[in-house]
Each structure stands twice: as structure tokens, then as C-alpha cells.
Amino acid sequence: MSETVIEVRGLRNQFGEQVVHEDLDLDVRRGEIIGVVGGSGSGKSVLLRSIIGLNRPRAGTVRLFGEDMARVSAAQRHAIEQRCGVLFQNGALFSSLTVAENVSMPLIERRGLPRTLIDRLAALKIGLAGLPPEAGAKFPSELSGGMVKRAALARSLALDPDILFLDEPTAGLDPIGAAAFDQLILTLRDSLGLTVFLITHDLDTLYTICDRVAVLSQRRVLINAPLAEVERQDDPWIREYFQGPRGRAAEHAALAAKRT
Amino acid sequence: MQPATATLAADGGRVTLSGDWVLAQAPALAGQVERLRPRLDASTVLDASGIGRLDTAGATLLLRLGEDAGDTARLDGLGAHQRELLDAVARAVHAPAAAPPRPNGVVELLANAGKAVENFWHDLIELVGFVGLILSELAGSVWRPRRWRVTSLFFHIEQTGLNAVPIVALLSFLVGAVVAFLGATILRDFGATVFTVELISYSFLREFGVLLTAIMVAGRSGSAFTAQIGSMKAREEVDAIRTMGLSPVQVLVLPRVLALLISMPLLSFLAMIAGIVGGAMVCVYVLDISPGMFMYRLQEMTQARHFWVGMVKAPLFAFLIAAIGCLEGFKVSGSAESVGAHTTSSVVQSIFVVILVDALAAIFFMEIGW
Ligand SMILES: Nc1ncnc2c1ncn2[C@@H]1O[C@H](COP(=O)(O)OP(=O)(O)OP(=O)(O)O)[C@@H](O)[C@H]1O
Ligand SMILES: [Mg+2]
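Protein chains in written order, with this note's numbering: chain L, 31 to 290; chain S, 13 to 382.
FYI, nobody ran anything at the bench for these hints, they're computed from the structure.
Note that beta-carbon positions come from the ideal geometry of N, C-alpha and C, so glycine has one too.
Check before you lean on any hint, since a few could be wrong.
[What the hints assert, rightly or not] Examples of chain L residues lying across from chain S (beta carbon under 10 Å, computed):
id	residue
1	125
2	155
3	158
Input sequences plus hints: build the corresponding full structure.
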């Protein structure tokens, strides 16, 4: 078994009276694509924020690359953060910078890279994310919803991170774009050994690229296993999720794609 | 992590690449690649079998190296996955957009000056139009109590009026004391220290009370209006209001304008009192004018019209500050930077307009002999 890069133990998150997570455990191994599913408001985004340290949990520990995020020094923390790329659910692009500037910013902050290389890398990330070259000069307010997602993906890839956190990356993408996105993630994972933490409602994505699926329900991770195993689980929510009309359609599509 | 290197082998026809071609090595690699490029030709073979890890930054540099060498330059020894990455990068790569040419400095200066003048003129026309819009919406809803937004109105009265009480009172008190000191210093030379009372009452009733309040309110509330409406505009919330068949002016602007119309006169009144009290303190403790004497002169020598001259300006200033604050908010486009720019502009404009109108009013009241 390969090394565990994300390790969450006994996590508890609470907002006022509302308990979002309780005694939540999760492991993610290096080089795997883990799909996180759960109903709206089940705490997927909060889990992501807790892992990358934007949300201070009430209890429990989060280890990234084996380091306890609550205990590391500021310098170590910074180094770890540089190894993470994050795509926020609503993009979180800097509204006063163009797309190209958004993508270049982390590269410029790293220092030492020549300007021409930065521009070339930024253009490359924009292209990889499936945006046309003209989009680089646009401001976030001038983008369509799907383009915002792509630009945010380009930015999250800027530093060639080791772990990619994606919060519903394919929501709002056209099906062709979503499929291309799936391929891109696979390619990056295979060649860079990327670990991907992927929150999604897109069943096609789940069936196509995820090695394992973590189901978030009842304040904790119900199961974290390969898809086939998850499907067999005897839980009403899981059954409805995967055996519902959409789940079955996606499964058929995935099977058909594998056969050809 | 191994340092990456690219060395040109002795026979010149073969370039050996080794190490990790990753972002961390990119600063050093980029220089090597640029130095190596001119020495490559179509027959050069790039031996990549020594490459350890490869990421998109490394792949970009590899492609850059291969660019001049042409298609025939073979990249030997890449793993299947690395080849896949290289292909994906090659498909995605496109030249970064060229920066637009910079116009020459003098032309730019003139153009900017022209733009500024034109913007000023447009702002003025827009402000007049917006004032008209507010008045017509106001007239439209005054007779329809159903359209009144009472909760919102009281919320804004609390924000702009009640919460401003401490700062306005303190500021006026201090300025009152300063004016008293200043007056006393000069009047003492003429043995007319006692006129300090008139100096304070005239200046605070006619000018300072309302002017200080207006400046505080412009900085506190006018800017808040712009930022609130501006960020709503940036996130399409204003459009959402419109699609619900509501008028943004009615929902967002009227409560703010009315709230300021109510709280500004009250705050001005408070400022007048605080300023006079501040002056009185100085008179009593420093200038040996007894409190009784101060009250007597205040009552005997100061006519009520001075108070009204100050007070009539309060609603006028309130209306202008609220209108400018809201209008600037609606001008915000998309970005956070734009919110900041318009908030600044809102404060500068309101203070400018307030002082301008105050000066015009001073001339007017002087001409009619008040
Ligand atoms: N900052 C916050 N303050 C209070 N409550 C919060 C906060 N952030 C999230 N919550 C609550 O935590 C719960 C989980 O939210 P979260 O954003 O993680 O949902 P989600 O699983 O990502 O849903 P979706 O699929 O719709 O994005 C929700 O009930 C939400 O109201
Ligand atoms: Mg979410």
C-alpha cells in the first residue's frame, strides 16, 4: 500500500449549534483520485476547507504529507500549502486581475522564474484547462460560468501541485468539456503522480476517473472504497444515489465506454 | 530532488538530459535551455532517458528545446506517461498573447486629461439624472404605505445616525474647544475676550455643526453605501432584484436616502450643541468667563436665524451624500478593485459637493442679509 498523503482523524466541525462533522476519519493515498460525494449541505466543502487549514476544526487532527497541520511551523505550513492546488466551488478568482494574471500570480510569487517562462506557463495552464487563448486577457467578470471553472482550474494547476483539491470542477461545464476535464485529470495523475481530492455530483466523472469514492453522510465518511464496493453497500442513501435513474445511466455509459 | 541538467554531448549531435525537470528546477533550467537552443539543429537527438520526474513546467521547457530542432529532433527514452504529458502540453500550448503597444507618454497624458474632463461632465449629468430618478420614485411611493420599507429604513437610521453619535459629538466638541482657543488668543489683544462666545455660537450654528457632520457622514455612511451597493452589483444581486420585478432604487436607495434625511439633521443638531459645549468649557476654565455669563451672551446676542441657516443645509447635504454614495455603488463593475475605486470616488465627490454647496449657501445668505 502506498503512502498516505491526507490523513484525517476524529474530525469535528461545528457552526453554532449545527454539527457538520463528528468523529470523521478519512485517508487518501498518494497518486489516487478520490471522489467525495454527499448531499447538498452534507459538509463536503467544509471538509475540504478543514484539510487545507482554512477552517479550524473543533477537534481531531489533519495530517498532510504526514505533518499535523495544527502543529507545524509557519514556514513548513507555507511549504505544504505550495504543494496544494485548490479549486474553490465558486472559483474565487481575483476579480481585479485578468485570467492570465490570476494564473501567473502564484508563479510570480515563487520568484526566480524568468518572466517569459511565467507567461508561457500561464498560457499553457490556460490551454490545458480548455480555455481559448483570448480568454487570458479577460477579467473574471467577463467570463461565462463554465469559463470561470476552467480559469480556476488553470490557477490551481499553476504550481504543478502534488495534491489537487477540486470542489465540483465539472459543475457548469458542457458534457464535452467535462469529459475532456476527466481525461486531463487522468493524464496529470498518471504522469505527475498527482493526488486528487475531488468533490463532485457528476456521476460520469465518478465512474470514469475515481479510484475510490468517499461517501459523506450523517456527519462522517460512511465508506471510503472502490466504486464497486460502495455500490454494494446496504445504505438507503447510497442505494438511491447509485441505483437511481441517473446513477444507472452513468454506470451503463461507463461500462459501454470500457468495452469499446 | 536531483538538479536537472541539459548537456550537449561531445559529438554535437546528441543532447543528454537528466535530473528532475520540475518547477522547482525551472529557474536554473530556463537559462540552460535558452543557451542551448541556438546550438541545436534538425538532426540533433534529444536523449531524455535520464529524466527523472517531469511536470508541466519541465514539459514546457522540453518543448521549447525541441522547437528549433524541428520535428526530426527525436526525444528518446521518455516513459509512456511522460510522453502522454508532453503531448497534452504540446496540444495546449499556444503563444502568450502579445501585450498591446504602449502609447507615448505625452499623448497618454493628454488623453487622460481629456478623459478626466469628459468623465467629470458625465458624472455630473448622471448625478442630476439619478437625483431626478430618486425624486420620482420617492413621489411614487410616498402615497403607497405598502411600498415603504420600514425595517430597512430603521436599520439604516441606526447605522448612519445612532452609531455615529459618539464620533460626531466628540469631534465637534474638540473643534469647538479649538475654535474657542483660537478666538480668545486674537480677541485678547483687543480686550474683547468675551466675544469668543459669539464666535463659537455663530460658527457652530451657521457652519461648523452641519459641515463637520456632513464630512463625517460622507466618510462613514456615503462610503458604506457605495461599498454595499457596489458589492451587490458585482455579484449580480442588483440584477436579481430587478428580475423580481422590484426597482433597485426603491429597494436599495430610498431607505438609505430617507435614513440620512432623518439622521443628518439630528446629528447636526448634536454637533452644534457639542461644539458650543466644547467652546464653553474653554471659556469657563481658561478664559474666566463664568457659565452664567456664557449663557447670557448666548441667549442675548445670538439670534435663532443662525440656527436655521445651519439647519436647512442638513437635509440638502444628506440628500447629496446619499445620492452620490448610491450612484457610485451602481457604477461598480465586476471586480473588487472597482468597488474600492468607486468608494474613494464617492467620498471625494460628496465632500467636494458638500463644501461647494456650503460656499454657495454662504454667499446666498450673505446677499439676503441673514
Ligand atoms: N461559515 C459557515 N458558517 C455557518 N455554517 C456553515 C458555514 N460554512 C458551512 N456551513 C454549513 O455547513 C454545512 C455544510 O456546508 P458545505 O458547504 O460543506 O456543504 P456541501 O456539502 O459542500 O454542499 P454542496 O454540495 O451544496 O456544495 C451547511 O449546512 C452549511 O450551512
Ligand atoms: Mg460545497
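Here is how each hint holds up against the structure:
Annotation: interface hint on residue 125(L) holds; nearest CB of chain S at approximately 4 Å, less than 10 Å. Nearest Cβ of chain S to the Cβ of residue 155(L): about 7 Å, under the 10 Å cut. The hint holds. Contact between residue 158(L) and chain S, as hinted, is supported at the beta carbon level, the nearest pair being about 4 Å apart and thus within 10 Å.
The structure is consistent with each of the numbered hints, conforming to all of them.
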